[in-house]
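Kindly generate the complete structure, drawing on both the sequences and the hints.
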Amino acid sequence: MSIDYSLEPSIIEGKPGLASIDSTIAAPMETRPNKNFYMALSVTLTMLGIGAVCLGYSFYYGMGLWGNNNPVGWGFDIVNFVFWIGIGHAGTLISAILFLFRQKWRTGISRFAEGMTIFAVMTAGIFPLIHVGRPWLDGYLMPYPNQHGLWVNFTSPLVWDVFAVSTYFIVSAIFWYIGLIPDLATLRDRTVDKIRKTIYSIFSLGWRHSNRHWHHYEMSYIILAGFATPLVLSVHTIVSFDFAVSILPGWHSTIFPPYFVAGAVFSGFAMVQNALIFVRKIFNYEHIITLDTLEKMNKIMIATGSMVGYAYAMEFFIAWYSGSPLETFVFVNRAFGDYAWAYWIMVSCNVIFPQLFWFKKIRRSIPLMFVVGVFVNIGMWFERFVIVVTSLSRDFLPSSWAYYKPTLYDIGILIGSFGLFFSLLLIFTRTLPVVSIAEVKAVSDGAQPTHHAGGSHAE
Amino acid sequence: MQNKVLYSVTGIFQTPDSIKHAAKSIADAGYKRYDINTPYPVHGIPKAMGMTISKLGYFTLVFGLSGIALALGFTWIITNIIYPLVQGGKPFFALPPFIPITFEVTVLLSSCGTVIIMLLLYFKFPNNSHPLHDTNYMKKVSSDKYGAYIMADDPNFDQSKVRSLLESLGAIDIEDIYYDEETVSLRPKVFEPKFLGFLLVAILITAGATYFTLNKLLFMPPFDWMSFQSRVNAQSLSTFFPDKHGMRMPPSGTIARGFMPFPYEGDPDKAGKMLVNPMTNTQENIEQGRKQYDIFCSPCHDWHGTGNSRLRGQFPNPPSLHSQKVRNWSDGMIYYIITMGQNTMPSYAYQVSREDRWAIILYVRTLQRAMNAKPEDIK
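Protein chains in written order, with this note's numbering: chain A, 22 to 480; chain W, 251 to 629.
Derived from the structure by calculation, the hints contain no laboratory data.
Do not rely on the hints blindly, as some may be mistaken.
[To be verified] For lysine-lysine, the following DSS-like pairs were computed, each having C-alpha atoms within a straight-line distance of at most 27 Å:
(1) A/K302 to A/K317
(2) A/K125 to W/K305
(3) W/K254 to A/K215
(4) W/K297 to A/K125
(5) A/K215 to W/K297
(6) W/K374 to A/K215
(7) W/K411 to W/K282
Encoded structure:
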């Protein structure tokens, strides 16, 4: 099969009319959800309930219910935090970085991925807050003048985290909302329902699709993308500083920031790909979120997965090359010690399975890419587990070594975090356009004037 | 149609090419108060409308620079002046650890600032009572059509001329938009009393909730868990023990750690006979005795034991330690007096350890010898 690479393939397949894009994307909001939706929602809400019960017990009886023990002070709570923050990163990468690189295929998936970013950061934000043990005192994390005369330590990475995660959440939410305004206006003008119309009117702020507005709107979008790009890199960099700034072997490593960012994008893309496979099928978005798009996401997964694999290898190389016996011990212990099972789950899921995407057939096969995506998420969760737990459980003092075992409450809270994330996602698919209407219209065939230069042809 | 005012004449176009052409033609015809509505940004329209690049970025720059200044200033004041905290002996304000927070605050402030400026200043949002809302025109340009309109307050506006211009440009559905002056206002809604009142209420609720949470709620059960614990404090009532005493008496025969019996109480002569100084007369021990003497004895007995003390008669001066009587006392006798007290001198048993008492005696002996030196001592 020969492909003419001089022609850009259509982003949106099948040349749907602009009005049909409207009705396709608005359909989930204008129809009543079917039984499957409620079944899915009840499953995720049950998971959320399990998490809430476990969390309630943890609040009432204290953190002794968790598996955290003396050397392993960071257990599932921090593992889950890093995991969920990482999931969020794909959304910003798709919406901001790919926007700056003018990757038009992002339009079909950006809104959904941004939504996932927000929900993932919300889920992640719970963990450091409950990890402090007395979550009703979380307000002290913010530097504000108080009657104790106390201030936070601005040189601590844990305080940087507070700033980074809250900034990330706010900026992502703004970015998401700015993208939603024109779509909400479109929905406002479509709907006949009075209540919906009021809600859409309030949130679309009175958008009129005016080109005097579009002009500034596009500029603001570029500015926000320009800020979100270094922001997303900074967030996981700062999360990695939580580890890298310490002096624990296995954490104290300058490779952590790029390695964490690559891992975050890797797991985030796997999660977005998994969720989109369902969304495009259920809501008939297969012509908007095309197989080509999924294939491109798989290509990014193989790139970031290989970066992560390189980082694993480089950690071992540096452990040997540095000649530091502590480093060497930590890494040999990772691969062959008590937690070897977790380490090898991580390596096989993150480094070996994604390499299957070198085959075009696998890259374009929905069931196979779904399975690999699930593996990637399992692997990336275990990566954080390996980093957090193996280093702590074998620290400098052999007399205090201990094996970390999560309790039922830890597992319950992990299940609850998935419940929260997917509940929010399910509600999102039914209340807001999960595909950006305006952006998809702008990249569909025949949506732009034939002469881009403008004004040069005979008028 | 009496209270209806003409807002604009609108025309719908079918293709992106025709709207671009229309935008350019309307601009060329000299109209200023017109607009193009498209469901998505169409390339080339801003240029056709003669718009220059958006100045929004300058606001972002201002917000960004203020973010940098704010974050650096805030952290500098706190770490240098308000709450200086030594971290590993480093300077209070070494720049690198303050970069992450500065960066985040800069991003936060410039992103929020840009969006707020755009929505409030440029777009004059929120505004849901614009004349165009809920018109057929709006419904079309919101979905799949492209529209152009020329406002009635344009200096060159002439209803029939505008209609014919739009017609000549290929517009379909040419429509006049009217609005009711009483219900529609073109002024920004941000300064309306209703909105300002809403803001005020929001501020009051936020501030009140914060105050309540931080200053009241956290001191109420169950959030005061750590302040009130179910333990028995010293000298408090206990409902557990039958005698209601929170503090327990030790079982009979208990002795404290390091306790040594002192069996000579009331019998100084026996103490003088039986007790022997266990410490040898070395430079170190005398130095130890000097320190303790200076702390505990010298206020009354004077630096050299003369009894002419620093208290200058506010307290009865003790007799000199250099009298023949004291010089003849055995070490054990002096030990008894330090331990049990004598006349107005109280017991020092609780303040000076046994070893220190013996060391003090060594020093007193040294003083006695120094103050009453014999000729042969000079050798």
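A quick look at each hint next to the structure:
no., hint, in the structure
1, A/K302 to A/K317, "holds, 18 Å"
2, A/K125 to W/K305, "holds, 26 Å"
3, W/K254 to A/K215, "holds, 25 Å"
4, W/K297 to A/K125, "holds, 22 Å"
5, A/K215 to W/K297, "violated, 38 Å"
6, W/K374 to A/K215, "holds, 25 Å"
7, W/K411 to W/K282, "holds, 15 Å"
Checked against the numbered hints above, the structure breaks only hint 5 and satisfies the rest.
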